[in-house]
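Starting from the given sequences, assemble the full structure and let the hints guide the process.
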Amino acid sequence: MDLLSGLNDAQREAVTAPPGPVMVMAGPGSGKTRVLTHRIAYMVQHLGARPRDLLAVTFTNKAAREMRQRVDSLLGGSGARSADSLTLGTFHAISARILRREAEAVGMRRDFVIYDDDDQMTLMRQVVKELGFDPKQVQPARVLAGISRAKGELIDPQDYPASSYFEEITRRAYLRYQDLLRVNNAFDFDDLLFALVRLLRDQPEARLRYQSRYAHLLVDEFQDTNTSQYALLRLLATESPDLFVVGDADQSIYRWRGADYRNVRRFLDDYPQARLILLEQNYRSTQTILDAAMAVIDRAPARQKKRLFTDRGSGIPVRVHEAYDETDEAHFAVETIALLTQRGQADPRDVAIMYRTNAQSRMIEEAFLQAGLPYNLVGAQRFYGRREVKDVVAYLRLIHNPSDQVSLLRVLNTPPRGLGAKAIETLLQTAERAGLSTAGLLIELGRNASSPLSEGFAARALGALSAFGRMLDAWLGRAESLPVTTLLDEVLAHTRYQNYLDDGTEEGAERWENVLELRNVAADFDDMDLASFLENVALVSDQDTLTDAQNAPTLLTLHAAKGLEFPVVMILGLDEGLLPHQRSFDDPEEMAEERRLFYVGITRAKDQLFLVRALRRRQSGTAMASEPSRFLQDIPSDLVNGEFGFQRTREQSSYQRQTRWDSWSAPPAPKEAVFRSGMRVRHPAFGEGMVIESRLEHDDEVVTIAFQGAGFKRLSVSLARLEILEDLPDDSA
DNA sequence: TAGTCTGGGCTTTTT
DNA sequence: GCCCAGACTA
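Each residue of the first sequence is one higher than the one before, counting from 9 in this note's numbering.
Treat the hints with care, as some may be off.
[Stated by the list, open to error] In silico DMTMM-like pairs for lysine to aspartate or glutamate, Cα to Cα no more than 25 Å straight-line: (1) Lys-430 / Glu-463; (2) Lys-144 / Asp-124; (3) Lys-313 / Asp-277; (4) Lys-313 / Asp-646; (5) Lys-614 / Asp-187; (6) Lys-314 / Asp-277; (7) Lys-137 / Asp-481; (8) Lys-70 / Asp-358; (9) Lys-314 / Glu-21; (10) Lys-144 / Glu-175; (11) Lys-314 / Glu-597; (12) Lys-314 / Asp-278; (13) Lys-721 / Asp-735; (14) Lys-314 / Asp-333; (15) Lys-614 / Asp-355; (16) Lys-144 / Asp-119; (17) Lys-137 / Asp-167; (18) Lys-144 / Asp-187; (19) Lys-70 / Asp-126; (20) Lys-70 / Asp-124; (21) Lys-313 / Glu-597; (22) Lys-430 / Asp-481; (23) Lys-614 / Asp-278; (24) Lys-614 / Glu-373; (25) Lys-314 / Glu-573; (26) Lys-137 / Asp-125; (27) Lys-70 / Asp-80; (28) Lys-721 / Glu-701; (29) Lys-614 / Glu-597.
[Said to hold, decoys possible] With beta-carbon atoms standing in for the labels, derived distance ranges: (30) Leu-12 / Asn-559: 32 to 40 Å; (31) Ala-429 / Gly-512: 24 to 32 Å; (32) Arg-58 / Arg-190: 32 to 40 Å; (33) Leu-704 / Arg-327: 35 to 43 Å.
Honestly, the hints are just simulated from the structure, not real lab data.
By construction, the Cβ of each residue, glycine as well, lies at the ideal position given by its N, Cα and C atoms.
Printed below as a string of structure tokens:
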């Protein structure tokens with residue numbers, strides 16, 4: 009039974025528990041993923057379950073991928089025994105897949121699209137205006153927040169409680185918004201769950217079908233489920249369910265998204281016979297780090313005390329540092345990492361820098377750029393939120409689902425085709441009067457520009473519209489038969505999209521790079537269909553973008569850090585107002601969540617933990633003195649080694665210097681010059697140039713270069729990333 | 001109609 | 001300090 013060897017008693021108990029409701033309460037680093045994967049393998053190998061009978065839910069797509077790989081290697085099987093047939097994914101991804109099959113049953117077409125925040129905003133802005141409100145008075149984001157909360161609680165628009173004026177507006181907006189989603193054949197994130205709950209709740213036949221389809225249910229990060237997700241589980245579970253959930257109430261950090269750690273309590277009430285298993289031994293962190301973590305979390309009100317222990321030894325103290333301001337803070341982080349690396353105490357990729365808000369990453373990125381050092385940034389928004397990426401995706405979504413008016417309006421005049429507000433308004437009105445969809449009307453105009461429907465359009469607009477219609481018509485005819493990349497290439501070619509982006513600036517070139525990157529992603533879907541590609545694009549999360557492609561530190565928010573571990577963790581911004589965040593000050597529940605967030609951050613660290621704050625911090629432009637985070641006081645001083653409480657001035661601060669390192673370990677001093685006059689070289693910023701002179705100075709080689717665009721520069725070879733383009737033969741002089 | 005300007009708003013975390 | 005939307009101008 010080598011599947012069970014290497015597991016401790018509690019882990020083994022969880023893995024081998026007889027089918028039935030089981031709740032595993034797993035502290036950080038206690039081998040929770042290990043338990044889940046082994047549980048799956050155990051069921052297949054020893055309890056006669058087929059992988060296809062299992063439904064396993066994870067919190068991110070990345071976690072799902074990793075889990076599938078690990079199960080795969082545990083099973084080592086093929087065919088019916090392989091992990092391929094396992095249903096494994098996030099609640100949203102699994103729901104989307106099922107809804108694709110059941111689209112008709114929930115009143116949608118199977119080519120539906122999934123709207124992200126941006127799309128939702130576009131639609132809601134339209135709704136607010138339609139209802140006669142000023143988007144400045146009635147903020148679409150606030151209305152959407154209310155609707156999202158309602159959907160998470162499974163409240164229909166008709167039942168939306170309207171006890172205030174704003175709620176009454178929200179109720180009306182909710183009704184109209186749902187109509188529009190339906191017309192556009194689109195789901196938003198919350199709808200994916202709600203629609204499936206409705207299906208299973210209202211259609212007993214479907215419920216029975218899926219209950220028997222998925223005989224065994226497993227859920228990771230259970231503490232972060234919300235009402236609709238829990239309802240989904242209850243609906244999928246039979247009278248005597250095999251329901252295995254793993255979670256840690258102390259790591260519940262998504263309350264704001266409707267997650268309710270009280271689902272843990274609810275589970276135990278709903279399944280009083282449930283077996284409860286505690287995993288307390290930690291295999292990740294030193295005892296010092298665990299003690300600091302427990303000191304922080306023990307102050308949380310109303311919580312079940314847990315003990316965390318390790319046999320890893322106490323390790324080195326937590327280091328606390330107080331910087332002058334946020335720039336200083338960022339430089340401290342970068343230089344500390346460079347020093348650790350040079351001393352051989354850590355590899356750059358071993359280090360994570362964590363922070364409360366995404367806005368903080370900017371400073372840190374700049375510090376890295378100034379030092380000439382690479383970093384990995386976790387954040388899907390960075391890529392999928394980009395305008396050019398969204399444009400291209402919108403074209404594909406429109407082709408997939410011509411009813412999708414949000415996408416249609418996005419691309420109709422992108423690149424500019426001379427279509428303004430007037431033409432678009434006429435288009436929408438004509439379509440409505442003729443009882444056609446907007447896309448339908450465009451295609452009609454494309455086929456027959458002198459159609460009776462063309463009256464009312466300015467001649468120039470009509471030309472542009474019918475050209476667009478023909479283009480769309482052609483794509484629609486071929487979409488199904490083409491691989492995604494081919495279709496994408498056609499879209500780019502027909503719209504002359506590169507031409508549009510390429511304005512000669514560096515930014516334009518970068519935007520085009522992003523489009524090509526999207527094409528790379530699409531290439532992975534060439535043997536699948538457009539729907540799979542679009543679904544994947546819609547459901548990626550920040551954490552899914554984490555790559556360790558380059559050997560560099562990782563920058564990420566504390567939320568994105570959940571489920572990860574790093575040998576060295578630096579948490580920045582430990583100031584009142586940031587962590588805990590200002591918005592949590594007047595709500596004890598939210599304050600408790602900030603505390604748990606800090607706890608999650610601390611417990612990511614295996615060996616070394618740095619806690620950093622700044623004396624002054626800029627908030628919306630103006631610098632203000634800031635107070636140390638209240639959480640810092642909770643950490644016993646005997647665990648800490650640091651320089652706290654110094655009142656430092658900018659001059660005294662040692663991390664203002666803007667050293668360029670350029671590589672993580674300092675290169676050995678050069679003994680002889682590498683560059684010779686006459687050599688052609690390229691510099692990342694200055695472009696191409698020719699070496700005029702080179703000589704050795706202070707353990708470094710200093711070259712003078714005449715750049716074609718930037719003139720003469722004196723550069724230090726160890727700092728400037730110079731690339732030799734052309735060496736001269738020896739006899740050329 | 002398209003590009004530029006300006007004023008106002010805002011800043012938590014994300015499937 | 002930054003970004004966006006709407007206003008304004010070419």
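Hints, verified against the model:
1. Lys-430 / Glu-463: Holds: Lys-430 and Glu-463 sit about 14 Å apart, inside 25 Å.
2. Lys-144 / Asp-124: At roughly 22 Å apart (the allowed maximum being 25 Å), Asp-124 and Lys-144 satisfy the hint.
3. Lys-313 / Asp-277: With Cα atoms ~20 Å apart, Lys-313 and Asp-277 stay inside 25 Å; holds.
4. Lys-313 / Asp-646: holds, 22 Å
5. Lys-614 / Asp-187: violated, 50 Å
6. Lys-314 / Asp-277: Status holds; Cα separation ~21 Å.
7. Lys-137 / Asp-481: violated, 31 Å
8. Lys-70 / Asp-358: Given that 25 Å is the threshold and the Cα spacing comes to 19 Å, the pair holds.
9. Lys-314 / Glu-21: holds, 19 Å
10. Lys-144 / Glu-175: Holds, at roughly 16 Å.
11. Lys-314 / Glu-597: holds, 20 Å
12. Lys-314 / Asp-278: holds, 23 Å
13. Lys-721 / Asp-735: holds, 19 Å
14. Lys-314 / Asp-333: Cα-Cα ~37 Å, so violated.
15. Lys-614 / Asp-355: holds, 14 Å
16. Lys-144 / Asp-119: Measuring from Cα to Cα gives roughly 34 Å; hence the hint is violated.
17. Lys-137 / Asp-167: holds, 23 Å
18. Lys-144 / Asp-187: Since the Cα atoms of Lys-144 and Asp-187 sit roughly 23 Å apart, the hinted pair holds (cutoff 25 Å).
19. Lys-70 / Asp-126: Since the Cα atoms of Lys-70 and Asp-126 sit roughly 23 Å apart, the hinted pair holds (cutoff 25 Å).
20. Lys-70 / Asp-124: Status holds; Cα separation ~19 Å.
21. Lys-313 / Glu-597: holds, 18 Å
22. Lys-430 / Asp-481: This hinted pair holds, its Cα atoms lying about 23 Å apart.
23. Lys-614 / Asp-278: violated, 37 Å
24. Lys-614 / Glu-373: The given pair, whose Cα atoms are some 24 Å apart, holds under the 25 Å limit.
25. Lys-314 / Glu-573: holds, 20 Å
26. Lys-137 / Asp-125: Holds, because 18 Å separates the two Cα atoms, which is no more than 25 Å.
27. Lys-70 / Asp-80: holds, 15 Å
28. Lys-721 / Glu-701: Holds, at about 11 Å.
29. Lys-614 / Glu-597: violated, 29 Å
30. Leu-12 / Asn-559: 32 to 40 Å: 36 Å Cβ-Cβ, so the 32 to 40 Å window holds.
31. Ala-429 / Gly-512: 24 to 32 Å: holds, 29 Å
32. Arg-58 / Arg-190: 32 to 40 Å: holds, 37 Å
33. Leu-704 / Arg-327: 35 to 43 Å: holds, 38 Å
Of the numbered hints stated above, those contradicted by the structure are hints 5, 7, 14, 16, 23 and 29, listed in ascending order.
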